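In UniProt numbering, the protein residues as written are 1 to 300.
Wrong hints could be hidden among the right ones.
Said to hold, decoys possible - Cβ-Cβ distance ranges computed for the label pairs, FRET-style:
no.	residue 1	residue 2	range
1	L263	A29	40 to 46 Å
2	A29	T199	40 to 46 Å
3	L75	P157	34 to 40 Å
4	P245	Q60	51 to 57 Å
5	R51	M1	27 to 33 Å
6	V183	P261	19 to 25 Å
7	D64	P261	47 to 53 Å
8	M112	R51	34 to 40 Å
9	I122	H180	35 to 41 Å
10	L263	S124	17 to 23 Å
11	R12	S88	21 to 27 Å
Bear in mind the hints are in silico, worked out from the structure with no lab data behind them. On a predicted model such as this, the values are computed, not experimentally measured, just so you know. Note that the Cβ used here is the ideal one computed from N, Cα and C, for glycine as well.
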Amino acid sequence: MDSFDVFAAIVRCGGFRAAALERGVSSSALSQTMNALEEALGIRLLNRTTRSVSPTEAGQRLLDRLAPALSDIQLAIAEVDELRDSPSGTLRINAPAPAVDHLLCPLVFDFMDAYPEVKIEIISDAAVIDIVEQGFDAGVRFGKQLAQDMIAVPFGPSLRYAIVASPDYIARHGRPETPHALVYHDCIRRRFPGGTLVTWRFARGNDALEVTPAGRLTVSTVHNELQAALAGRGIAHVLDDYAKPLVNDGRLVELFPEWSPTLPHWYLYYPNRRLPSAAMRAFLDHMKGYDWRAGDQASF
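The whole structure should be built from the sequences, with the hints applied where relevant.
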């Protein structure tokens with residue numbers, strides 16, 4: 001039965017690596033399982049190349065017959081799990097670093113106290129991925145980045161960006177009074193994993209402005225952007241959650257906050273399945289009752 005489940009996972013995930021991540025084992029272990037299954041049945045079930053894995057005709061026929069039975073078995077196991085005193089299992093969640101730092105980690109730490117038998121793996125990643133293919137139970141992204149076949153729930157409060165610079169930078173270069181003056185300043189640019197530069201957006205009343213920052217330094221993480229701002233290397237554009245503690249203690253100065261619009265909040269999303277695991281349902285219930293203000297974290 002486990003061999004059939006491994007076979008279905010490899011096809012669903014599109015390869016051994018993603019299936020191994022989903023199951024928490026090595027790719028070689030899954031390969032050995034498939035070799036043993038194909039040998040026992042006396043027929044090849046998978047076409048394997050260096051770039052892709054797909055079912056053979058025999059494999060697809062077997063999978064078509066197995067899928068309903070495996071689904072019923074998983075449902076039966078989930079129903080039995082309901083009778084446990086406490087949910088168990090492993091949750092794998094993929095989220096961008098800002099959501100991990102200020103929302104997901106505080107929530108998970110609190111959840112771990114309430115559900116000691118649940119293991120959680122958090123992967124920080126800003127790229128838009130297929131969480132099912134990569135073996136994740138849930139992900140965190142903005143609404144416009146979500147696939148159509150996902151269930152999404154609001155995650156945390158609304159967001160805003162802050163434009164900050166160190167007192168030393170302002171003393172040496174002057175203080176810009178509006179976003180229009182940024183063209184005369186050294187901005188710290190940040191590049192997304194896909195290669196595009198972060199655009200700085202501003203709004204005040206009916207006025208809206210987009211700025212593609214110019215500057216000598218480009219980084220790939222918000223932590224390095226803050227590090228550069230603290231060192232007086234330029235003006236930074238970071239989420240307010242990161243900036244607030246540094247502004248409060250005087251290490252950074254916020255510039256033109258009246259131009260900073262409120263942004264939509266994050267969404268936690270997961271596959272549209274008939275029945276999420278007991279651990280996932282417990283996590284969703286815990287999230288609904290969580291006090292985000294109590295979990296507010298200082299910048300790292």
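So, going through the hints one by one against the coordinates:
| no. | hint | result |
| --- | --- | --- |
| 1 | L263 x A29: 40 to 46 Å | holds, 43 Å |
| 2 | A29 x T199: 40 to 46 Å | holds, 44 Å |
| 3 | L75 x P157: 34 to 40 Å | holds, 35 Å |
| 4 | P245 x Q60: 51 to 57 Å | holds, 55 Å |
| 5 | R51 x M1: 27 to 33 Å | holds, 30 Å |
| 6 | V183 x P261: 19 to 25 Å | holds, 20 Å |
| 7 | D64 x P261: 47 to 53 Å | holds, 50 Å |
| 8 | M112 x R51: 34 to 40 Å | holds, 39 Å |
| 9 | I122 x H180: 35 to 41 Å | holds, 40 Å |
| 10 | L263 x S124: 17 to 23 Å | holds, 20 Å |
| 11 | R12 x S88: 21 to 27 Å | holds, 23 Å |
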